[in-house]
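We have chain P already, so just place chain V on it with the hints.
There are 2 protein chains.
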Amino acid sequence: MNRPTPLSGFPEWLPAQRIVEQQVLDSIRRTFELHGFASIETRAVEPLDQLLRKGEIDKEVYLLRRLQAAEGEAEADAGPNTLGLHFDLTVPFARYVLENSGHLEFPFRRYQIQKVWRGERPQEGRYREFTQADVDIVDRDTLAFHYEIELPIVIGETLAALPIPPARIRVNNRKLAEGFYRGVGADDTAAVLRAVDKLDKIGPDAVRELLVTGAGLSPAAAAACLDLAGISSSDASFADQVKALGVQEPLLDEGLDELVRVVEGVEAVVPGLVVADLRIARGLDYYTGTVYETVITGHEELGSVGGGGRYDALASDGRTTYPGVGISIGVSRILGRLLGSGALAASRSVPTCVLVAVSDEAARGQANAVATALRSRGIPSEVSPSAAKFGKQIRHADRRGIPFVWFIGDGSDDGEGDSVKDIRSGDQLPASAENWTPPESDRWPTVAAPE
Amino acid sequence: MNRPTPLSGFPEWLPAQRIVEQQVLDSIRRTFELHGFASIETRAVEPLDQLLRKGEIDKEVYLLRRLQAAEGEAEADAGPNTLGLHFDLTVPFARYVLENSGHLEFPFRRYQIQKVWRGERPQEGRYREFTQADVDIVDRDTLAFHYEIELPIVIGETLAALPIPPARIRVNNRKLAEGFYRGVGADDTAAVLRAVDKLDKIGPDAVRELLVTGAGLSPAAAAACLDLAGISSSDASFADQVKALGVQEPLLDEGLDELVRVVEGVEAVVPGLVVADLRIARGLDYYTGTVYETVITGHEELGSVGGGGRYDALASDGRTTYPGVGISIGVSRILGRLLGSGALAASRSVPTCVLVAVSDEAARGQANAVATALRSRGIPSEVSPSAAKFGKQIRHADRRGIPFVWFIGDGSDDGEGDSVKDIRSGDQLPASAENWTPPESDRWPTVAAPE
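Those protein sequences? They're chains P and V, same order as listed.
Sequential numbering from 1 applies to the first sequence in the numbering used here.
Sequential numbering from 1 applies to the second sequence in the numbering used here.
To be clear, the hints were calculated from the coordinates, so they are not data collected in a lab.
Don't take every hint at face value.
Since copy identity is lost for identical chains, a pair holds within one copy or between any two.
Within a straight-line C-alpha distance of at most 25 angstroms, the following computed SDA-like cross-link-like pairs (lysine to any residue) qualify [as the list claims (entries may be wrong)]: (1) K389 - E416; (2) K115 - F10; (3) K392 - P80; (4) K243 - D139; (5) K198 - G378; (6) K115 - R30.
Chain P on its own, in the form it takes in the complex (with noise of 0.2 angstroms):
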């Protein structure tokens, strides 16, 4: 066959490149863990009627069926059972959260680090398949407002621990929109939201078009739903400016509060993190309270690398409702960009910190000896492929940025005993697989920081 060539939107790394993403995603699961959320994984694929729940997404579904699957079978025919890929984790999260509110204990802290697909076209962080990282505070009944603090905090934290730039979150309340759009007089605020979602994509004007002629508000109410997008602070003082737009409504006092206390309590813990930012609106139809979108610092217009917000509606059964709070992190988004422009790289290609070098093929046992008792200290050790001069040997160490290499002695009593050679100093010193150590940093591949 030809030589294959790699599919758009279907990101693979370099061995390299995929130490990074690794130490990235230990990173975060270690954050989350010292949280305490607990990690689930859902299966990749939710029957049709599940996914098409929140609306709006169906164009970007991938469904599946059988190659061979019988003619006039359900699953050919994108029924509400037909199978597709999950396209995020919080859809799944929430049928997990139905399906097992038995056997698990509420408030229910859980992340969940997954590949997820989507059927959109590819472009610069856009992928078709991604893996995002997502934590979620579920409750049953009610949820303490704490956790709407409680989040941001934890996503600032695991972003900070990551080697990249500084990220920021950018908060909004989806009660603070709603009642303002009802206060001037919206019917549809969902199609008022809908519209000011597009700011950043079409403009101030083409938006108040939409607000007027869409959703049928009047010119001085499309102003002023425009000069609340318009308002941000990283204080409190953005409740001021809104105040002073004159809006009248109870549910908006509520958001307005809401709002207040999120950006003050995150402030308090993690000074600069969070910012008011009301044109902050989350496509996604199922929030209902405080909603985030995080930008890297530098890459803003690399867009949102992680959103979300309060549901209170989206885990029901009828019965029992269980309203949430989360946040994703676009992991592939920031490793692409990341990884992409260099700014990221492992200091080698491989685990391996020794490689074990072979003077003839019978000898290859005693390699295998020396390396075993390596890695029975922790140490990661390979033996050299073949018993090639020891100039090739080194070299086979230096394409993959292997930093030592171990040579064995004769064993005779008199004769030289083994010994290590740094081979980025080129130093060689007598060593005992039985105590020799590396520097720690240099016992695993490590990851550069940024500038």
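Chain V alone, transformed into the frame defined by chain P:
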């Protein structure tokens, strides 16, 4: 919506079970990396023409199409570019090697832990979505034989590090089998192999019938093939038994020599791990040398929990060929059995080691600060969801298996300081968030080994 029900063949774990899975996967990864295998992940999808290269598997493939795909769009027609979910990790790996050969160093040692999908009828140990953990070594043009000895040692060490009963690796050799079949006069050696592969399912009489009527063997030749399949030994003595059958064929001798080297080479390093078992066939047709099948002692009827072999021609772009050898561990099959039977269990259902109690909501900030201090020293901690009575907060911890509850003192000079209660023993001792440390065995959840 109603409570959803599980999808047959798509297993999902509860949080405590997921902790077991995570620790199993972490352990597998660590052993692989200690042996110098580099991680890669491949996309979940491959073009259909790639997936069908192996033959015999086509009915198991899940094909994808976008919900909103235009009528007549190619991907709805199962053409060669239609995307399907991968059903193993070997075929995607061979494609990855060809695609990236210019960026890889050979011999290339890689491991890959990912989900795979097969549209088969689910039953115990057989899923539609499951996790595999593969190690392979590929080289360019030629592959040293010693890797066929190394790989079962790596897999044996990997499985020995898991809290499961001992594994046994059954080994055979395709050259041995094919040489023998040629030697008894078979024209279609693949048909003979397929018939012998059914031995466990349909029994010797039915296989004999298949060999005579299907593969065209004489009754004497069929009997010899069944005799061959009956041979096994944990040392090199199988070779004498084979020779006693009196079949002459150079390829048989080559295969016998290789199998002796594998059995003796592994036995010298890990006594009792391998057994030559001449009925092992492995269904997939790309193997060309040693083949492996792994069973867990006491769970033999579960079938193979790890298989693989040497393949010489799987990855070739017409000019260059990349021969390889690999073994895959069926992680889901192992976990399904051991979690299902209760033989493996986690010490708690959450990562949390300490629950910080909250005396009233106004003091939540203080509790957050304690949790932050504990986490900064690597102690997984969360804050109580509400300022309920302390008894209720302790029950909250108890239901999740969280071992410690932290109580904040009143902070006055002569008042009570902080204290921490081990809720298993009831012991409560003064403690400071700046230096208290739990016993190492309590810091993270642990997984109990089976009896």
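Hints and how they fare:
no.	hint	result
1	K389 - E416	within (19 angstroms within a copy, 71 angstroms between copies)
2	K115 - F10	both (11 angstroms within a copy, 16 angstroms between copies)
3	K392 - P80	neither (61 angstroms within a copy, 43 angstroms between copies)
4	K243 - D139	neither (33 angstroms within a copy, 70 angstroms between copies)
5	K198 - G378	neither (53 angstroms within a copy, 43 angstroms between copies)
6	K115 - R30	both (19 angstroms within a copy, 22 angstroms between copies)
Violated hints for the displayed structure, listed by number in ascending order: 3, 4 and 5.
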